[in-house]
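*Asks:* Take a look at the letters that make up each chain.
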Amino acid sequence: MCALILPNPEDVTQPFFRSIKVPGNCMENSFVKIIFIYLQLCAMFFYAWPVLAADVHVIRAMSFGDIVASPTGDVIAIDARFGPDEDLAVLTPGPAIVSGGGSGLVRVVSDTAGQTINITYPESVSLKAVGYPDMVIDHISSRSKSFAVSITDGETIDFNIGGLLHISGVQAGTALYVETITIEVDVINP
Amino acid sequence: MKLTNKQMITLAAIATVFAAGIVYAVPANIPASASVTAPTLTLSAPTPLDFGGIIRGNGATASTIRVNSLTNVAAVPVLAGGVGDAALDGAGGSGTLTVASNIDATLTISCTSVTGANALGANTLDTFGGDTLALTGPTVMANTPGTLAIVAGTPSTLYIGGALTIANTTEAGDYEGTIVIDVAY
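Protein chains in written order, with the numbering used here: chain A, 1 to 190; chain B, 1 to 185.
Excised from the complex, chain A in its bound form (with noise of 0.2 Å):
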């Protein structure tokens, strides 16, 4: 239902237009004019166009898991370059253990296809537990996905995250590590 209702006569105004006065002759000046057309146009595509961008969401966090440290230090490994990876690599070179964790993973919705996304990760991270040393993880951005070009509208797609943790030979003692890496989603519009 919708009811069309007529305006009071007593507020009909007359329309008016606002004007804008130049200077002088500045728009006599043809860099001044042709600045002023090419910010219009811009003004034009940025507000015409439908804004795109892209929905991130946190899904998982990273987990090295549960780790029985070695004590001559350890490297521990998520390789989430090509997909998500739960068995996690003890590189040397110690002979430390490691049960569950997995890579993290941010998924980013698409809002039309040829988006191109790009992540930018930190070059490194320390976890932190009260007491004890920091422990570091690098070499983020060589083991995680970085980058992607929709292909769908609406399309989903998922950036696994991995790294590598260094465990020092120092690490005595029990604790849970934690900590947030932050990255920035990049999503450039076809």
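For the record, the hints were derived by calculation from the structure and aren't laboratory data.
Just to be clear, a hint being listed does not mean it is correct.
What the hints assert, rightly or not - Computed Cβ-Cβ distance ranges for the label pairs, DEER-style:
1. B:V151 with A:F147: 41 to 47 Å
2. B:S44 with A:G73: 23 to 29 Å
3. A:G131 with B:G153: 25 to 31 Å
Stated by the list, open to error - Some residues of chain A that are not near chain B, with every Cβ distance over 10 Å (derived):
4. V75
5. D87
6. G154
7. T156
8. D158
9. E179
As the list claims (entries may be wrong) - Chain A regions said to be covered by chain B (calculated; three or more residues, Cβ under 8 Å):
10. 60-73
11. 97-110
12. 141-148
Since this is a predicted model, take the numbers as computed values, not measurements.
Cβ coordinates follow ideal geometry from the N, Cα and C atoms, glycine included.
The hints should help you fit chain B onto chain A, whose structure is shown.
*Replies:* Structure of chain B alone, referenced to chain A:
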């Protein structure tokens, strides 16, 4: 001034590129964690090293009695080296040290001291009456493995050996002492 077609096309192209190349930067925070447990090493010594009963000889040549656990095996005392005329009663054997850990490791074993029960000298077993009996040569380490590979959650046994020299002047009695073994990752 009127814009030429070329200028208009250029402007349109610039505007198009500007609009098309809009970049949206979205930050995201991903929690990261690791739960670390320190390695543990649990030791117990259920069986002492025992050279058994030794019947001292009367000859001029001393007798060496050895419990050879160099390859980490259980061993019994045998006459070794310069064999005199001592005799063994067949009892005794390697000492054992049980080692357990929560991680795979190759342990380094070292004997740091042997102290007689009455502290009468280094590398000796001794009696309450003051007699001492030296563990010969490099003592226990020559008869004990220097390394031991262990598997997490599976206790391993380290066999401890040694050697004694019994001369015809050795006093009869019960000789005792304590062997200190260092086990390190």
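*Asks:* Determine for every hint whether it applies to the structure shown.
*Replies:* Status of the hints after comparison with the structure:
no.	hint	result
1	B:V151 with A:F147: 41 to 47 Å	holds (43 Å)
2	B:S44 with A:G73: 23 to 29 Å	holds (28 Å)
3	A:G131 with B:G153: 25 to 31 Å	holds (27 Å)
4	V75	holds (12 Å)
5	D87	holds (16 Å)
6	G154	holds (16 Å)
7	T156	holds (15 Å)
8	D158	holds (13 Å)
9	E179	violated (5 Å)
10	60-73	holds (count 12)
11	97-110	holds (count 4)
12	141-148	violated (count 0)
Of the hints listed earlier, those the structure fails to meet are numbers 9, 12, in rising order.
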